[in-house]
Amino acid sequence: MAQGPPPTAAQAYRPNRFVSLPAELDPETYDSSPEKRRAEAERLAIRARLKRQYQLQLNNPNPPAVIEDPALVRWAYARTHNVYPTFRPTPKTSFLGAVVAIGPILFWALVFKADR
1 MAQGPPPTAA QAYRPNRFVS LPAELDPETY DSSPEKRRAE AERLAIRARL
51 KRQYQLQLNN PNPPAVIEDP ALVRWAYART HNVYPTFRPT PKTSFLGAVV
101 AIGPILFWAL VFKADR
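Using UniProt numbering, the letters of the sequence shown map in sequence onto residues 1 to 116.
Rather than coming from a laboratory, the hints here were simulated on the basis of the structure.
Note that beta-carbon positions come from the ideal geometry of N, C-alpha and C, so glycine has one too.
Each hint should be verified, as a subset may be incorrect.
Computed spacing ranges between beta-carbons, pair by pair [said to hold, decoys possible]:
no., residue 1, residue 2, range
1, Gly97, Tyr77, 22 to 30 Å
2, Ala76, Trp108, 54 to 62 Å
3, Ala45, His81, 25 to 33 Å
4, Gln53, Asn82, 49 to 57 Å
5, Leu50, His81, 15 to 23 Å
6, Lys36, Asn59, 28 to 36 Å
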């Protein structure tokens with residue numbers, strides 16, 4: 001009789017008294033509840049539906065001029081129109097803001113002062 005495939009290294013790993021089981025291999029760490037699995041299945045179904053819709057548009061013998069990818073549209077919107085709700089002031093962004101706002105004024109003031 002043919003046996004199934006050999007166990008993977010993660011399945012074959014057993015903790016001993018010197019080394020404990022890593023969290024990545026502990027089933028309690030990544031085992032999810034039925035609600036979580038159901039939500040993941042719903043997201044997977046949505047992604048598959050969007051992918052099928054895009055593939056149908058892409059392989060259409062009479063394609064439209066522009067193929068709209070909803071995921072790409074959402075990504076572009078999040079990158080451009082939704083900046084302020086996700087902005088976090090940090091020392092780097094504060095410095096860059098000061099350089100962009102005050103830097104040109106100081107530059108032209110020095111240029112005009114040196115020109116006199």
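Verdict for glutamine 53, asparagine 82 (Cβ pair) under range 49 to 57 Å: For glutamine 53 and asparagine 82 the Cβ distance comes to about 24 Å; the hint is violated.
Within 54 to 62 Å: is that where the Cβ-Cβ distance between alanine 76 and tryptophan 108 falls? At roughly 35 Å between Cβ atoms, tryptophan 108 and alanine 76 fall outside 54 to 62 Å, so the hint is violated.
Take the C-beta atom of leucine 50 and the C-beta atom of histidine 81, compute their distance, and say whether it sits inside 15 to 23 Å. holds (21 Å)
Could you see if the CB distance from lysine 36 to asparagine 59 stays within 28 to 36 Å? holds (34 Å)
Taking 25 to 33 Å as the hint, is the beta-carbon distance of alanine 45 and histidine 81 inside that range? 28 Å Cβ-Cβ, so the 25 to 33 Å window holds.
Go ahead and decide if the range 22 to 30 Å is satisfied by the Cβ distance of glycine 97 to tyrosine 77. Since the Cβ atoms of glycine 97 and tyrosine 77 sit about 23 Å apart, the hinted range of 22 to 30 Å holds.
Of the hints listed earlier, those the structure fails to meet are numbers 2 and 4, in rising order.
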